[in-house]
Amino acid sequence: METQELHRGRLIDHIQLVVADLGACRRFYEGIFRELHIPIGGTAEDYFWVDELFVSSAQSKAAQGELTGRHHIAFQAGNRAMVDAFYKAGLDSGGRDNGAPGERPYHPGYYAAFLLDPAGNNIEAVFHGEAERSAPSVKITF
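Just so you know, the sequence shown maps onto residues 5 to 146 in this note's numbering.
Mixed in with the good hints, there may be bad ones.
To be verified - In the EDC-like style, the derived pairs of lysine to aspartate or glutamate whose C-alpha atoms are separated by at most 20 Å in a straight line are:
1. Lys-65 x Asp-25
2. Lys-65 x Asp-88
3. Lys-143 x Asp-17
As the list claims (entries may be wrong) - With beta-carbon atoms standing in for the labels, derived distance ranges:
4. Pro-43 x Ala-78: 17 to 25 Å
5. Thr-145 x Arg-108: 33 to 41 Å
6. Ile-77 x His-111: 18 to 26 Å
7. Glu-134 x Ala-48: 38 to 46 Å
8. Leu-71 x Asp-17: 29 to 37 Å
9. Gly-69 x His-18: 29 to 37 Å
10. His-111 x Thr-72: 27 to 35 Å
No lab work stands behind these hints: they were computed from the structure. Only a predicted model underlies this, so the values are computations on that prediction, with no experimental measurement involved. The C-beta atom is built at its ideal place from N, Cα and C for all residues, glycine as well.
Build the full structure now, drawing on both the sequences and the hints.
What follows is the structure in structure tokens.
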């Protein structure tokens with residue numbers, strides 16, 4: 005068994021999206037994650053995964069033949085420029101506009117952009133403003 009590395013300490017362990025067009029979704033997510041500096045974790049014919057996000061086709065054993073419904077998923081960006089780059093890369097990779105980069109009224113400094121992925125999910129990149137973290141994440145190796 006190969007060594008795996010996970011980062012924990014956040015609310016969600018993982019999310020699975022089951023999509024009709026896996027190829028289109030893979031191109032979209034590869035584009036946005038490149039700009040967010042998050043590597044693709046692994047791929048196979050019927051799925052790919054990135055950190056806590058697992059995306060599969062309906063034919064994948066993990067999907068049990070059912071597509072998931074529409075979701076809103078927000079990814080953390082390190083700065084405003086990353087939010088802007090996420091938005092551009094998402095549009096260039098098959099996503100559709102659902103809210104151009106800009107400040108939002110949720111709290112002071114909330115800067116975000118929204119895209120619809122090829123499956124219709126509302127995908128957001130958000131920068132919450134300058135802050136100091138105790139650690140980027142909790143690293144677990146097994």
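Right, here's what the structure says about each hint:
1. Lys-65 x Asp-25: holds, 16 Å
2. Lys-65 x Asp-88: violated, 36 Å
3. Lys-143 x Asp-17: At roughly 13 Å apart (the allowed maximum being 20 Å), Asp-17 and Lys-143 satisfy the hint.
4. Pro-43 x Ala-78: 17 to 25 Å: 19 Å Cβ-Cβ, so the 17 to 25 Å window holds.
5. Thr-145 x Arg-108: 33 to 41 Å: This hint holds: roughly 36 Å between Cβ atoms.
6. Ile-77 x His-111: 18 to 26 Å: holds, 19 Å
7. Glu-134 x Ala-48: 38 to 46 Å: holds, 39 Å
8. Leu-71 x Asp-17: 29 to 37 Å: violated, 22 Å
9. Gly-69 x His-18: 29 to 37 Å: With a Cβ separation near 20 Å, Gly-69 and His-18 fall outside 29 to 37 Å, so the hint is violated.
10. His-111 x Thr-72: 27 to 35 Å: Roughly 29 Å apart at Cβ, these two residues keep to the hinted range, so it holds.
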